[in-house]
Amino acid sequence: MTGPSTKARQIAVALWLLVSLFVLALISVLADGNDGLEKFLQFVVGGLALGSIYSILALGFVVIYKATGVFNLAQGSLVLLGTYVLYQFKEEYDLPFGLALLFALVLMAGVGVLIERVVMRKMLGKPVFSAIMVTLALLIIIDQIVRSIWSEPGYVLNLPWSSGKVDIGDVTIRHIDFWAVGSAMVLLVAFFLFFERTRVGLGMRATALDAEVASAQGVRIGVSYAMSWAVAAVVATVAGMILTVRTGGGALTPAVGYVALRAFPAMILGGLDSTGGAVAGGLIIGLAEVLVDGYLDYDWLGERFETVVPYLLLLPIMLWRPHGLFGTKTVERS
Amino acid sequence: MATLLKKSERAAADERNHLAIKVVDLHVSYQRSIKALQGVNLEVPQGKVVAILGANGAGKTTFLRTICGLLGFNGGAISQGSYHLWGQPADKLAPQRIVRLGVGQVLEGRRIFSELTVEENLDVGAISVRNRRATHDLKEHLFTQFPVLGERRNSVAGYLSGGEQQMLAIARALMSDPSLIVLDEPSLGLAPIIARQIAGIISDISTDGTTVLLVEQNAAMALSLSDYAYIFRHGKVAQEGPSEELRADRDILELYLGGGTSESKTKSERS
Amino acid sequence: MSSSTAHKSSSAVEGGPSGRVARAAPSHEGAASDSFSRGGSLKISNVSFSVGGITILDDVSFEVKAGELFGIIGPNGAGKSSLFNCISGIYLPTEGQIHLSDKPIVGRRPTAVAKLGVARTFQNLALFNNLNVSDNLMLGRHRLMRTGYLTAALWFGRARREEVKHRLECAEIIELLGLSEVAKLPVGVLPYGAQKRVELGRALVSEPNLLLLDEPVAGMNDDETEQMSNLLRNVSQQLGITIVLVEHDVHMVQQLADRVCAINFGQVVVVGSPAEVVTHPTVIEAYLGADWS
Amino acid sequence: MSSSSAPQAKGEQGGHDAHLDAQPSPQHAQLKPIALLPGLDTKFSTLAIALIIIFYPVLADNDFWTTVLVSTGVFAAAAIGLNLLTGYTGQVSLGHAAFLTVGSYVAAYFGATQGLWMIVWLPLAGVFGAAVGAIIGPFALRVKGDYLVVISLALLFFTAHVVRNWESVTGGNDGISTSGADLGLGPLNFADLRIFGHTFTREEGLFYLAWIMVGAFALIARNVVRSRPGRAMQAVRDRDTAAEVLGVSSAQYKIAAFVLSSAMASAAGAVLAVHQRFLTPTEPLLELFVSIQFVAIIVVGGVATVYGAIIGAFLLTVLPETIKTYTHWFDFNIPIWDKKLVSSSGIEPGLFNPGSFSNFLFGLLLVVFLLLSPQGIAGWIRAVKGGAIQSFWHNLRGHLRGRWFQRGEPAASRSRA
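Residue numbers (the numbering used here), protein chains in the order written: chain D, 1 to 334; chain G, 1 to 271; chain E, 1 to 293; chain V, 1 to 417.
Treat the hints as calculated values from the structure; they're not laboratory data.
None of these values were measured; they are calculated from a predicted model.
Warning: the hint list may mix true and false statements.
As the list claims (entries may be wrong) - Here are some of the chain G residues that sit facing chain D, going by a computed Cβ distance under 8 angstroms:
#1 Cys68
#2 Phe73
#3 Ile127
#4 Arg130
#5 Arg133
Where is the CB? At the ideal position from N, CA and C, for every residue including glycine.
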């Protein structure tokens with residue numbers, strides 16, 4: 001799938017990232033001396049952690065896009081639902097964390113399969129526009145369901161590693177940051193192996209390219225579709241968990257789904273169909289957001305300027321590369 | 001094609017039901033209104049090459065899609081009649097079940113996965129086969145059979161030429177080690193010389209014992225390859241018979257396959 | 001395609017067309033008639049095109065005279081469609097120049113090329129499936145119309161006059177092609193043969209100087225092929241439009257074309273009369289095969 | 001459509017169009033599709049609806065529902081714009097709420113703060129909307145389909161950010177009042193309308209203003225789609241390469257569609273602002289919900305039809321108010337949660353409150369229509385005319401039986417043998 005040119009591009013982007021980080025580090029050292037470096041490193045840690053969360057969110061989009069060709073706008077509400085389901089098992093039913101997580105993931109996988117079977121399967125062969133619109137509708141429906149089931153204020157999700165942290169020099173790394181980065185990396189590798197090395201993954205890719213032919217070759221396309229939604233829902237739950245604990249100290253709000261909106265740029269920055277791109281895009285957006293927040297505090301840019309940074313970054317890049325940094329352009333030959 | 005998998009197991013069943021395909025009074029309609037097939041009766045004996053001829057819109061492709069279980073993709077459905085594969089009812093089977101029964105499919109217009117590599121395309125073809133070792137051997141065998149594909153196994157399939165893509169589509173269908181292979185217009189849009197090459201490949205496949213069901217516009221090619229032929233017209237079988245007899249009967253060809261002038265008749269023979 | 005429509009169209013093509021097409025021509029007196037009644041010449045000079053490191057066209061040169069019916073044959077993947085894409089501005093050649101009646105084309109966008117009077121059909125049909133037959137044809141006349149958003153929004157006066165005038169022009173071609181009965185249907189539901197005719201019609205109504213036809217009879221049976229050949233002959237002889245035809249049906253090209261160019265591996269093998277080309281040893285070896293009669 | 005001049009002109013040019021002179025019917029048939037309101041039934045129903053609208057405030061005299069119908073008008077006007085963009089040009093946009101916001105603040109600033117006349121600030125709203133649309137338009141050229149959806153989301157974030165922070169113009173988080181904006185148009189003052197001795201309230205005046213706008217936009221949209229630019233937009237939607245080869249510049253028509261659609265949305269937003277009397281910034285998430293509502297409007301009403309946008313807007317603005325008014329209809333207990341389905345009281349909590357329930361229904365309606373009736377209500381109307389209303393039920397039965405692979409497109413386009 002990834003030709004030599006894509007690989008070259010990935011390396012180039014990685015290098016470009018490193019160089020720009022290095023330049024930024026240099027500037028901050030020149031500006032503030034040794035304190036500047038620590039401040040900078042602290043920002044990088046924060047940016048990587050946030051970026052990893054975006055990456056995980058973006059991976060959820062990519063898996064559905066890769067298998068079904070559908071751009072799932074409802075991913076944010078899966079994040080929302082997954083987080084509340086985990087809360088339900090962990091806090092309301094008072095299960096140990098591992099068990100609660102397991103149950104939540106299994107239940108969410110079921111929800112994913114259910115959505116696919118009941119709704120998305122029927123959109124097969126319909127225009128892409130309709131499929132996107134259906135995911136929009138799902139976004140509203142799931143959002144309203146979550147808000148009405150968990151309607152009281154003040155739910156808090158306590159995880160065993162919610163508040164732990166490690167100090168390295170003057171740089172503080174919270175345990176949750178390790179979890180964020182670790183989960184992103186593990187998921188990336190798992191996704192890569194799954195799509196490139198397994199038959200089911202190959203079947204899913206074939207299905208996305210031409211479902212009819214894939215099924216004529218014996219690919220069970222129903223399984224491909226259901227599986228992709230299950231995986232996306234599971235990934236969404238992981239992302240929601242880490243996000244809630246990291247940003248709100250475990251306090252649950254329906255706004256978790258809103259963060260997923262900010263992950264859209266991460267995903268299309270990398271390219272909708274590229275797992276590596278999702279992770280790279282997430283990291284770029286996360287770093288940019290935290291660094292902008294840390295360094296740029298000009299008044300005229302306005303409060304919470306960092307919330308628009310992902311989109312500001314996105315626009316020029318999309319003009320330059322309309323299919324994202326690593327997205328595949330369809331091969332045409334007539 | 002070499003017999004590597006499953007064939008011996010199937011042989012017993014085949015003997016019991018020497019008909020690979022048996023279709024009785026098949027009616028198919030699209031969107032509940034457009035009647036594409038109106039009572040087709042057709043048999044494909046095991047080990048033979050059967051051709052389906054007919055003008056555009058006669059229902060040939062619809063028939064093949066029915067055989068492959070693909071009607072649902074276009075909003076079509078069997079409204080009446082029965083369809084058996086090796087004596088087993090197959091009218092309600094999903095496409096992948098039909099592949100598992102031993103039907104390899106080459107759809108019209110090649111339809112390769114242009115963004116996957118040549119090798120990945122073949123792997124998709126073998127996706128229903130459990131025996132990985134045998135699959136691997138079969139793949140290598142096909143690469144020797146089709147050296148063009150072997151040379152370009154790691155390149156993206158979209159860059160292959162039309163003839164090469166057609167070969168890839170056939171090779172992909174062979175990867176499931178089918179007992180029956182169905183081909184829809186394999187020569188469409190190909191240069192005469194490539195079309196003949198493809199014809200050669202099809203005849204090789206049949207000499208290896210695989211049953212072939214072939215849909216073609218090119219009557220001359222189809223009749224020279226096949227043992228028996230059906231001519232479709234307006235969603236029905238208008239004429240059938242051993243291919244040699246049909247080939248000899250110019251009137252029938254002229255009547256059903258068009259070509260009012262003698263000039264174009266010789267043309268359809270030649271090209 | 002049902003036989004009744006086939007019959008109808010065949011009578012329209014064989015019986016009526018000479019009169020009708022000829023009549024269509026004088027109705028364009030004035031600004032358009034100059035470019036319409038006389039086809040443009042096409043000159044391809046040393047055109048090369050490569051994508052993704054693969055050379056698809058390699059130093060292709062030939063000339064098509066004004067009013068000529070020129071055939072291009074060659075194996076699949078030889079670069080025929082790519083050449084068309086270069087002419088119509090979809091691809092940008094890596095090297096070389098293309099002239100339409102002495103005007104350079106390379107570097108112009110497809111819309112600009114269309115405005116010069118180049119019309120084409122596509123190998124795999126490129127119709128607007130949700131629009132009906134007459135709207136598809138009206139899009140062929142897009143370049144000849146002027147209505148913009150403002151005049152359209154006001155409608156009465158210019159927009160309406162123009163709309164009426166061009167709809168009547170299209171109606172003639174629709175009738176000529178035997179599509180009157182289906183003129184209101186979305187083209188997506190038409191049989192393949194009819195869709196092919198709609199696409200040709202869409203190219204014809206745009207009053208082209210140069211008509212590029214990419215496999216106009218692919219997937220057609222002998223009857224339909226015959227009708228299409230007759231139609232093309234009429235268009236070429238009576239309207240004088242220059243036609244470049246890519247086709248696999250060598251017999252059709254042989255009967256129809258004034259001159260033929262054979263392409264293989266992106267290179268011109270031979271240009272000449274049909275007889276010269278089909279007897280050329282390289283063509284026989286690479287394309288037709290040794291047992292070609 | 002009487003076109004007596006056309007055949008004569010034709011006759012002069014063509015010389016001997018005997019068949020045209022003898023039988024005017026084929027020519028009439030050619031021109032029928034370009035009539036503004038093809039068919040007598042369409043003409044009558046349009047007239048009937050126009051009369052209902054004109055006399056509604058006089059006869060009903062119910063301020064609550066008049067208020068609701070003002071929003072209907074505003075939403076309809078903006079949805080007509082979105083339908084030009086999405087339905088006819090095929091550009092999916094979730095930024096429509098942002099265009100309304102732009103128009104709202106133009107009305108607030110130029111209308112209320114600066115005190116300009118309505119004939120200045122209303123067109124200005126359109127111009128500003130068009131300008132924003134022109135900025136986002138070029139992205140649609142480079143970026144396609146799913147990517148464009150995300151780009152359009154950017155608009156929501158940017159406008160929300162600007163509104164929150166440009167305090168001197170927008171009032172920032174404190175909000176800004178719009179009630180001072182002038183509503184005069186020559187001798188008419190929509191804030192205090194008197195016609196034939198009848199005095200209308202401000203809401204009723206706004207009702208007329210909104211529906212005059214709907215009428216104007218509908219006319220513009222209908223005229224555009226039945227002539228050259230509208231056809232070009234649809235060509236770009238269906239196949240942009242083929243369109244280019246015919247001389248249709250996809251760049252030009254995509255940008256124009258963005259400009260036109262955002263100008264309409266922005267003008268509608270300006271009227272909405274005056275109607276609301278006070279503007280406060282909203283979260284991008286809520287703006288997204290508004291954008292989705294617009295999509296729901298055109299899907300439920302009927303994609304690529306002008307009247308569909310109006311029907312959809314009517315349904316989706318009247319529905320929540322109906323639910324609010326008749327909450328007691330949904331006031332029953334749900335056994336599993338032991339809650340009422342919908343309740344507006346805090347003492348007896350419901351699974352939904354009226355607001356969230358109507359949001360939920362929006363989503364459900366959108367799914368149901370996309371699955372079972374993708375042509376929307378316009379499709380039903382067409383079906384009734386064609387005498388086949390059963391298609392909806394047939395589809396429903398099909399889905400219940402589990403026929404999964406259903407194509408929207410006609411079969412003939414794909415299988416041709």
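Against the structure, the hints come out as follows:
no. : hint   : result
1   : Cys68  : holds, 6 angstroms
2   : Phe73  : holds, 5 angstroms
3   : Ile127 : holds, 5 angstroms
4   : Arg130 : violated, 10 angstroms
5   : Arg133 : violated, 14 angstroms
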